[in-house]
Structure formats: structure tokens, C-alpha cells
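S.K.: Sequence:
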Amino acid sequence: MPKERYFVPQELLLHEDISLDGTEMHHLVTVMRSKNGDVAELVNGHGVCAQAKIVQVEKKRVILNIEDLFISQKSTTEIILAQAIPKLNRLDFIIEKGTELGMTQIWLFPSERGEKKTLSPTQLERLHHLSVAAMKQCGRLFLPEIKELPPLSQWLRAAEADPLYFGSLDPQAPLFLEALTQSSSSNAIFCVGPESGFSANEEKILIGLGAIGTKLNNHILRTETAAIAALVLMTSGK
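Quick note on numbering: our numbering labels position 39 of the sequence shown as 718, and the sequence is numbered without any gaps.
Careful: at least some of the hints might be erroneous.
Unchecked claim - The calculated DSS-like cross-link candidates involving lysine-lysine, where the alpha carbons are at most 30 Å apart (straight line), are:
| no. | residue 1 | residue 2 |
| --- | --- | --- |
| 1 | 714 | 738 |
| 2 | 766 | 883 |
| 3 | 732 | 753 |
| 4 | 826 | 815 |
| 5 | 753 | 739 |
| 6 | 739 | 796 |
| 7 | 739 | 714 |
| 8 | 753 | 738 |
| 9 | 732 | 815 |
| 10 | 826 | 795 |
| 11 | 732 | 714 |
| 12 | 766 | 776 |
| 13 | 815 | 766 |
| 14 | 795 | 776 |
| 15 | 753 | 815 |
| 16 | 796 | 826 |
| 17 | 815 | 738 |
| 18 | 883 | 826 |
| 19 | 883 | 796 |
| 20 | 826 | 776 |
| 21 | 796 | 766 |
| 22 | 776 | 796 |
| 23 | 883 | 795 |
| 24 | 714 | 815 |
Don't read these hints as lab results, they were simulated from the structure.
Model the full assembly from the supplied sequences, consistent with the hints where possible.
M.R.: Given below as C-alpha cells:
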């Protein structure tokens with residue numbers, strides 16, 4: 680199996696030709712020095728992995744023919760991280776490690792105490808690229824969805840919605856692991872606050888939405904540490 684994977688955001692079909700350009704072509708031809716007849720592994724982020732042979736190297740693109748396909752069935756389990764928008768360097772870390780750990784979605788929302796309220800199209804595109812790179816590196820075949828949500832005050836919850844939890848600073852709050860163990864659902868949504876935590880008003884809103892306040896540790900965690908700790912617990916054994 681090739682050590683490198685290349686991202687092709689389109690349908691992959693057996694015996695069809697696929698072209699790579701841009702950074703993916705640069706890495707395949709210039710960095711890896713691949714040539715006609717060499718085999719590359721292509722992924723599309725939707726559960727398909729293709730073995731493809733290089734048939735033509737052009738100035739601005741390389742053409743490959745798909746010789747074999749592996750199709751993975753998507754798990755029905757939803758592991759969702761609802762993350763108050765943190766500083767960008769911390770968000771980069773969360774996206775990268777969350778992809779590696781198997782989160783299926785990340786919801787990004789503005790919070791009352793958060794310094795950052797919105798993400799620009801350029802910043803969202805960067806997060807997508809980070810997620811693609813992490814997916815290729817870790818061997819995963821599905822990209823997590825990156826969604827922007829409104830503030831908590833505008834959230835609506837259906838009665839049959841997946842279990843919702845949030846990180847609470849209440850010393851009496853149950854451990855998140857215990858809450859997960861007691862849940863009958865394999866799905867879970869965990870809300871992480873910004874660097875300075877949720878406001879009292881936001882915690883009230885979350886409880887009104889049916890969320891369960893839990894603690895991940897006996898210590899106060901940074902927002903990115905809390906995100907990763909929650910994902911490790913949610914994806915364990917999935």
C-alpha cells in the first residue's frame with residue numbers, strides 16, 4: 680500500500696481516469712517524484728479509497744486510472760463536538776486532532792465570553808485543508824463536517840435529538856465518562872466553552888435544551904484540552 684494518500688473531492692469509479700492538479704499534483708510528482716506507471720492511493724472523504732496508476736504527467740495536471748476500489752460503509756454513530764470558537768491556533772489543533780480521533784461533525788458557534796465571534800471564508804477553507812491533511816495521514820476515509828452555528832440562545836432541540844452534554848465547572852457535576860456509560864444512545868454531542876468558559880446565562884440555556892453538565896477531569900482544562908478529552912471518551916470503543 681502506498682505511504683501517501685491524495686485527496687480528490689469527487690466520485691471515484693473503477694477504470695475511470697482522474698486528474699490531480701494544484702498542491703496534490705505537486706506533492707505526487709515533485710515531492711514524491713512519481714512517474715508514469717507508479718501507483719497512488721486516492722481518497723474522496725466520502726468512504727472511498729482508490730488504487731490508481733499514473734498514465735500521463737502533464738505540465739499542470741497528472742492523469743491516473745483507477746484500478747481498484749475500497750468502499751467503507753459509514754458508521755451510523757454520530758460523535759459531535761460543539762465548540763465555542765476559540766483562538767485560531769487552538770481551533771487548528773482541535774480540527775486536526777478531532778479528525779484523527781474520529782469526530783463526525785464539529786459545530787462552531789460564538790459564545791458570550793469568547794474573543795472570536797465569526798470565521799471568515801478563508802479561515803473556514805483553512806480548517807477544511809487541515810481536516811483533509813489529518814484524514815489522509817491517519818488512514819480515515821470520511822471527512823468530518825465542519826458547521827457554523829448561531830449562538831446558543833438560538834439553538835432549537837427536538838425531543839428525539841442525540842444526548843447533549845457540556846463541560847461544567849460545578850464540583851458536583853458527574854464525570855462525563857459516567858454519563859456516557861449510563862446513556863442508552865451510541866451518539867453524543869459535547870459542548871465545549873471558550874477559553875474563559877461558558878457564562879451563567881449560557882449554562883442556563885444549555886440546561887434548558889436538555890444538556891447534562893459534566894466534568895472531564897478534577898482540574899480546569901484549556902478549551903482545546905477539553906475538546907480532545909471529550910472526543911477520546913466519546914470515540915472509545917466506537
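S.K.: Could you run down the list of hints and mark each one as holding or not?
M.R.: Verification of the hints:
1. 714 - 738: 13 Å, holds
2. 766 - 883: Roughly 24 Å between the alpha carbons, so the hint for residue 766 and residue 883 holds.
3. 732 - 753: 26 Å, holds
4. 826 - 815: Holds, at roughly 21 Å.
5. 753 - 739: Violated, at roughly 34 Å.
6. 739 - 796: 39 Å, violated
7. 739 - 714: This hinted pair holds, its Cα atoms lying about 14 Å apart.
8. 753 - 738: Violated: residue 753 and residue 738 sit about 37 Å apart, past 30 Å.
9. 732 - 815: 18 Å, holds
10. 826 - 795: Given pair residue 826, residue 795 holds - Cα atoms ~16 Å apart, limit 30 Å.
11. 732 - 714: OK: residue 732 and residue 714 at ~9 Å, within 30 Å.
12. 766 - 776: With Cα atoms ~16 Å apart, residue 766 and residue 776 stay inside 30 Å; holds.
13. 815 - 766: 25 Å, holds
14. 795 - 776: Holds: residue 795 and residue 776 sit about 21 Å apart, inside 30 Å.
15. 753 - 815: With a Cα-Cα distance of about 17 Å, the restraint between residue 753 and residue 815 holds, given a limit of 30 Å.
16. 796 - 826: Holds: residue 796 and residue 826 sit about 14 Å apart, inside 30 Å.
17. 815 - 738: 25 Å, holds
18. 883 - 826: 23 Å, holds
19. 883 - 796: 20 Å, holds
20. 826 - 776: 17 Å, holds
21. 796 - 766: 10 Å, holds
22. 776 - 796: 22 Å, holds
23. 883 - 795: 22 Å, holds
24. 714 - 815: 21 Å, holds
Violated hints, in rising order: 5, 6, 8; the structure is consistent with all others.
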